[in-house]
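Visitor: Chain by chain, the residues run as shown.
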Amino acid sequence: MRTRRSLAPILALLFLAACATTQVQKARIVSVDVHAVLAAVDDAEMTLCNKQADNTCKSSVPAWTTEKHVEFSKHLVVALKAGRALNEGVKAVPITGQTKADLTAVSAELEAVTGLVKDILPPNSTVVIALTAAKDAVLRLLPLFLEGA
Amino acid sequence: MTPMEWIALAEQGFELFMKIRNSAKSAGVTDEQLDAITLDYDQRIARRQADTRGGDDT
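Top line first, the protein sequences correspond to chains C and R. Residue numbering for the first sequence follows this note's numbering, beginning at 754 and increasing consecutively. Residue numbering for the second sequence follows this note's numbering, beginning at 10 and increasing consecutively.
Hints are computed from structural coordinates only; laboratory data are not their basis. Here a beta-carbon is modelled for each residue, glycine too, at the ideal position from N, C-alpha and C. A hint or two may mislead.
[Stated by the list, open to error] With a cut-off of at most 20 Å between alpha-carbon atoms, the simulated SDA-like pairs for lysine to any residue come out as follows:
(1) C:Lys827 x R:Arg56
(2) C:Lys834 x R:Ala36
(3) C:Lys779 x R:Glu41
(4) C:Lys827 x R:Thr61
[Said to hold, decoys possible] Pairwise CB distance ranges, derived in the manner of DEER restraints:
(5) C:Ile873 x R:Asp44: 33 to 39 Å
(6) C:Ile882 x R:Ala55: 24 to 30 Å
(7) C:Glu820 x R:Glu41: 25 to 31 Å
(8) C:Gly850 x R:Ala55: 24 to 30 Å
(9) R:Thr39 x C:Thr885: 28 to 34 Å
(10) C:Thr800 x R:Asp51: 19 to 25 Å
(11) C:Thr775 x R:Glu41: 35 to 41 Å
[Said to hold, decoys possible] Below, a sample of chain R positions facing chain C; criterion: calculated Cβ distance under 8 Å:
(12) Gly37
(13) Val38
(14) Glu41
(15) Leu43
(16) Ile46
(17) Tyr50
(18) Arg53
(19) Ile54
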């Protein structure tokens with residue numbers, strides 16, 4: 754009986770440590786996911802732009818101009834920086850509120866670039882598909898991330 | 010897997026990342042893998058920043 758009582762705090766600590774490890778791993782998987790979707794959006798728009806030697810776009814969609822590409826890039830830089838900060842944030846324990854804010858920033862920039870492509874790119878465009886998948890992923894990840902943080 | 014190998018995978022696109030994600034889910038994400046992702050972010054940020062400045066992105 755005495756042995757059981759003396760083991761209880763140790764078992765409780767081991768349980769808490771296991772929970773913390775699981776939460777950290779969840780947050781790390783979220784970071785891998787966020788990177789995957791941002792990379793997909795980045796690559797899809799770069800392909801659409803079809804950059805020429807003079808740094809202009811020669812897109813298969815005429816309305817997707819170099820100016821649109823530059824605007825898109827401005828927003829994507831913010832999203833990529835937030836994704837990078839999130840990725841660095843999940844290395845630390847405990848995960849801070851700033852890391853949660855980074856994921857929210859990614860979401861906001863994805864909305865902004867969605868506004869840019871609206872009425873220009875067809876729904877079956879790779880960029881639109883990648884953006885839709887990215888926004889869906891972030892929405893699904895946010896609650897998981899909050900649980901894990 | 011080294012960081013450079015992870016970057017090489019990253020360049021092959023989204024589908025491979027989903028494979029990484031699935032392997033990460035089962036095996037856990039290491040610090041080395043997170044470092045590789047940070048390096049990939051750095052390259053993408055530099056490329057996009059070059060675009061916003063109108064400079065060379067190579």
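Visitor: Next, verify each hint and record whether it holds.
Guide: A quick look at each hint next to the structure:
1. Between C:Lys827 and R:Arg56 the alpha-carbon distance is near 11 Å, which keeps this suggested pair within the 20 Å criterion.
2. Straight-line distance between C-alpha atoms of C:Lys834 and R:Ala36 comes to about 27 Å, which puts the hinted pair past the 20 Å bound.
3. A hinted pair counts as satisfied when its Cα atoms are at most 20 Å apart, and C:Lys779 with R:Glu41 qualifies at roughly 16 Å.
4. Under the criterion of a C-alpha separation no larger than 20 Å, the hint pairing C:Lys827 with R:Thr61 is consistent with the structure, at around 6 Å.
5. Between C:Ile873 and R:Asp44 the CB atoms are about 37 Å apart, so this pair conforms to the stated range of 33 to 39 Å.
6. Taking 24 to 30 Å as the suggested C-beta distance range, the pair C:Ile882 and R:Ala55 conforms, at roughly 26 Å.
7. Separated by about 40 Å at the C-beta atoms, C:Glu820 and R:Glu41 break the suggested range of 25 to 31 Å.
8. Between C:Gly850 and R:Ala55 the CB atoms are about 28 Å apart, so this pair conforms to the stated range of 24 to 30 Å.
9. The hint said 28 to 34 Å for the Cβ distance between R:Thr39 and C:Thr885, and at roughly 30 Å that hint holds.
10. Look at C:Thr800 against R:Asp51: about 21 Å separates their beta carbons, and that is inside 19 to 25 Å.
11. In this structure the supplied range 35 to 41 Å is violated for C:Thr775 paired with R:Glu41, their Cβ-Cβ distance being about 20 Å.
12. Because the smallest distance between the Cβ of R:Gly37 and any Cβ of chain C comes to about 5 Å, under 8 Å, the interface hint for this residue holds.
13. The closest approach between the C-beta of R:Val38 and any C-beta of chain C is roughly 4 Å, which is under the 8 Å cut-off, so the hint is satisfied.
14. The closest approach between the C-beta of R:Glu41 and any C-beta of chain C is roughly 11 Å, which is over the 8 Å cut-off, so the hint fails.
15. Because the beta carbon of R:Leu43 sits about 6 Å from the nearest beta carbon in chain C, less than 8 Å, this interface hint is met.
16. At its closest, the beta carbon of R:Ile46 sits 5 Å from a beta carbon of chain C; the interface hint therefore holds under the 8 Å criterion.
17. Look at R:Tyr50: its Cβ gets to within about 4 Å of chain C, closer than 8 Å, so that hint holds up.
18. Interface hint at R:Arg53: satisfied, since its Cβ lies 5 Å from the closest Cβ of chain C, which is below the 8 Å cut-off.
19. Given hint, R:Ile54 at the interface with chain C, holds; its Cβ is 5 Å from that chain's nearest Cβ, closer than 8 Å.
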